[in-house]
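Novice: These are the residues of each chain, in order.
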Amino acid sequence: SQKIEQNSEALNIQEGKTDTLTCNYTNYSPAYLEWYRQDPGRGPVFLLLIRENEKEKRKERLKVTFDTTLKQSLFHITASQPADSATYLCALDGSSNTGKLIFGQGTTLQVKP
Amino acid sequence: IAGITQAPTSQILAAGRRMTLRCTQDMRHNAMYWYRQDLGLGLRLIHYSNTAGTTGKGEVPDGYSVSRANTDDFPLTLASAVPSQTSVYFCASSSGSSYNEQFFGPGTRLTVL
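Those sequence lines, one after another, are chains L and V.
As numbered in my numbering, residues 1 to 113 make up the first sequence, in order.
As numbered in my numbering, residues 1 to 113 make up the second sequence, in order.
Some hints could be false.
Chain V stretches covered by chain L per the calculated footprint, using a threshold of three residues with CB under 8 Å from any CB of chain L [what the hints assert, rightly or not]: (1) 27 to 41; (2) 44 to 55; (3) 64 to 77.
Computed cross-link-like contacts, DSBU-like style, restricted to lysine-lysine with a CA-CA straight-line distance of at most 30 Å [stated by the list, open to error]: (4) L:Lys71 / V:Lys57; (5) L:Lys112 / L:Lys59; (6) L:Lys3 / L:Lys71; (7) L:Lys3 / V:Lys57; (8) L:Lys17 / L:Lys55; (9) L:Lys71 / L:Lys59.
Distance windows between CB atoms, simulated [as the list claims (entries may be wrong)]: (10) L:Gly41 / V:Gly63: 16 to 26 Å; (11) V:Pro83 / L:Tyr28: 26 to 36 Å; (12) V:Gly63 / L:Glu15: 42 to 52 Å; (13) V:Arg44 / L:Leu11: 31 to 41 Å.
By construction, these hints were calculated from the structure, which means they are not laboratory data.
Note that beta-carbon positions come from the ideal geometry of N, C-alpha and C, so glycine has one too.
Let the sequences and hints guide you as you build the complete structure.
Specialist: What follows is the structure, given as structure tokens:
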């Protein structure tokens, strides 16, 4: 069956540290994968998109990798800040580049000062 | 510029009643989407529209209908609400159907009793 999975447990890290969030998928062949941030009571906000032929994408303190062999994307936040505390969602192109995204459940990150 | 708006913000509805959730975007985006978000299940696509005049079914379309009479509006209708439709509903839009970020509205919290 098709699945997309993220760490279900909340992650707690200290301010200034780097953390890595994992997104694994099975039985999909996505043309691209996206990461979103969601704060409580709000809609998701787009962060990064990485295509299947890209190994890595960076934006400020964020870095995303995409390994189509391992069927995995990793999301890194460096020099984390309390303002980075949120739920992070990965989403993959679920159907031949049609824009129909399949979302993971999200991983909640708490950065403590 | 408002971006994407949803109404109402929240609603309590008796089972069996008809309800329309409204979604409007002012970005002239071609594609629009409706998701529901439930604890532990993440965001799931209900219906989508790649352009005005066309709609398609997502992962969980049963019990819901949509229309796309123009570019800006994409209402979601529950013809006869049931308690399992209690959820937070998010509308989203994107400029095209592929390799594009999605912009999300603030959500509608719906409770069906």
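Novice: For every hint, state whether the structure bears it out.
Specialist: Do the hints match the structure? See the list:
Counting residues of the segment 27 to 41 of chain V whose beta carbon lies closer than 8 Å to any beta carbon of chain L gives 5, which meets the minimum of three for the stated coverage. Requiring three or more residues with a Cβ within less than 8 Å of a Cβ of chain L, the coverage given for the segment 44 to 55 of chain V holds, as 4 such residues are present. Given as covered by chain L, the segment 64 to 77 of chain V fails the check, having 0 residues with a CB less than 8 Å from a CB of that chain where 3 are the minimum. For the proposed pair Lys71 (chain L) and Lys57 (chain V), the alpha carbon gap of about 26 Å is at most 30 Å, so the pair holds.
Between Lys112 (chain L) and Lys59 (chain L), the direct Cα distance comes to roughly 22 Å. Compliance with the 30 Å bound is thereby established for this hinted pair. With a C-alpha separation of about 11 Å, the suggested pairing of Lys3 (chain L) with Lys71 (chain L) holds against the 30 Å cut-off. Using a Cα cut-off of 30 Å, the hinted pair Lys3 (chain L) and Lys57 (chain V) holds, with the two alpha carbons roughly 19 Å apart. With a C-alpha separation of about 23 Å, the suggested pair Lys17 (chain L) and Lys55 (chain L) falls inside the 30 Å cut-off, and the hint holds.
The straight-line distance between the Cα atoms of Lys71 (chain L) and Lys59 (chain L) is roughly 22 Å, inside the 30 Å bound, and the hint therefore holds. One distance hint, 16 to 26 Å for the beta-carbon pair Gly41 (chain L) and Gly63 (chain V), holds here, with the actual separation near 25 Å. For the hinted restraint 26 to 36 Å between Pro83 (chain V) and Tyr28 (chain L), the CB-CB distance of approximately 31 Å keeps it satisfied. Checked against the hint of 42 to 52 Å, the C-beta distance between Gly63 (chain V) and Glu15 (chain L) comes to roughly 45 Å, which is consistent with it.
Checked against the hint of 31 to 41 Å, the C-beta distance between Arg44 (chain V) and Leu11 (chain L) comes to roughly 24 Å, which is inconsistent with it.
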